[in-house]
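Enquirer: Sequence:
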Amino acid sequence: MIASSWDYLIVSASNEIQARSYEHKLALRQELGLLPYVREVIVVPDPGGRRIGSGGSTIYCLLEVLNRELQQGSGNKGTEACQSILDKLRILIVHAGGDSRRLPVYSPCGKIFFPVPGESDCCLPLTLFDRQLPTYSKLPAPEAGAGQVVITSGDVLLRFEPEQVRFAKEGLTGLGCYAFTEQGKNHGVFCRGEGDQVRLFLQKPSPAEQQESGAINPYGQVILDIGVMNFAADTAAKLLKIFGMQRNSEGRLELAGKMSEA
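Residue 209 in numbering that gives the first Met the number 0 sits at position 210 of the sequence shown, with consecutive numbering throughout.
Keep in mind that the hints were calculated from the coordinates and are not lab data.
It is possible that some hints are incorrect.
[As the list claims (entries may be wrong)] DEER-style ranges, computed between Cβ atoms: (1) 125 / 197: 29 to 39 angstroms; (2) 38 / 206: 39 to 49 angstroms; (3) 71 / 200: 33 to 43 angstroms; (4) 87 / 210: 14 to 24 angstroms; (5) 144 / 118: 22 to 32 angstroms; (6) 19 / 71: 18 to 28 angstroms; (7) 72 / 203: 41 to 51 angstroms; (8) 142 / 176: 18 to 28 angstroms; (9) 159 / 38: 20 to 30 angstroms.
[Stated by the list, open to error] In silico SDA-like links for lysine to any residue, alpha-carbon gap of 25 angstroms or less: (10) 203 / 192; (11) 24 / 39; (12) 137 / 72; (13) 240 / 226; (14) 240 / 172; (15) 24 / 115; (16) 168 / 4; (17) 168 / 24; (18) 137 / 120; (19) 203 / 31; (20) 184 / 240.
All C-beta atoms, glycine included, are put in the ideal place defined by N, C-alpha and C.
Make a model of the complete structure from these sequences and hints.
Expert: This is the structure:
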């Protein structure tokens, strides 16, 4: 199956130094034609070198895209134009701003670019990023005229069939897999409601908390959050509004207040 194209591939970084390293590695892959289904590749570091978490980083990644699009476009450049911009874009955000504390030898390059086993006919060593991207590239695109923001984690190699994924047309869709309670206590857990709806989300719940919340199915399994989320364009726009997006004196979009570590 041919991968659908992405307007933006964004890799987040924890600081400017890490960002420069990422930019170099991504530029090499662009020159070698290894990112054929991506229009623009950018790296977005946490502002001021202060860790803001994946939630905060997602906001800054979206602001970066909107500011670029507003600068390149014409006509209405107010915050009300953001919805129409996001309606036209497919954005893939790979969060990779970790410190690699468990693998300090790879701290300079980040966990996302550490070498992994596998066959490759490329002159570059195969990395976790290179193993991840083919799966993410094949995730389903929205209907024509509808935008999409997909958020993933850059420090884990997920193995699933992207063609079988079904994202909801509206709102937020999170991907999960079945796991046992011992795994659930170290990760996020979805509590299933009617159909495929999520009625409650638990963060690193103990087995007792999983039981009390009704997260465990008759087979002793829970639904583990695997770190892939899909935002419809209107949901992404609402998220920016909630965090107080506004225009500064220079005409760029920014947040009204400072964002602390998430």
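Enquirer: Now look at each hint and say whether the structure bears it out.
Expert: Results of checking the hints against the structure:
| no. | hint | in the structure |
| --- | --- | --- |
| 1 | 125 / 197: 29 to 39 angstroms | holds (35 angstroms) |
| 2 | 38 / 206: 39 to 49 angstroms | holds (45 angstroms) |
| 3 | 71 / 200: 33 to 43 angstroms | holds (37 angstroms) |
| 4 | 87 / 210: 14 to 24 angstroms | violated (45 angstroms) |
| 5 | 144 / 118: 22 to 32 angstroms | violated (39 angstroms) |
| 6 | 19 / 71: 18 to 28 angstroms | holds (24 angstroms) |
| 7 | 72 / 203: 41 to 51 angstroms | holds (42 angstroms) |
| 8 | 142 / 176: 18 to 28 angstroms | holds (26 angstroms) |
| 9 | 159 / 38: 20 to 30 angstroms | holds (25 angstroms) |
| 10 | 203 / 192 | holds (19 angstroms) |
| 11 | 24 / 39 | holds (14 angstroms) |
| 12 | 137 / 72 | violated (29 angstroms) |
| 13 | 240 / 226 | holds (23 angstroms) |
| 14 | 240 / 172 | holds (19 angstroms) |
| 15 | 24 / 115 | holds (16 angstroms) |
| 16 | 168 / 4 | holds (18 angstroms) |
| 17 | 168 / 24 | violated (34 angstroms) |
| 18 | 137 / 120 | holds (21 angstroms) |
| 19 | 203 / 31 | violated (41 angstroms) |
| 20 | 184 / 240 | violated (33 angstroms) |
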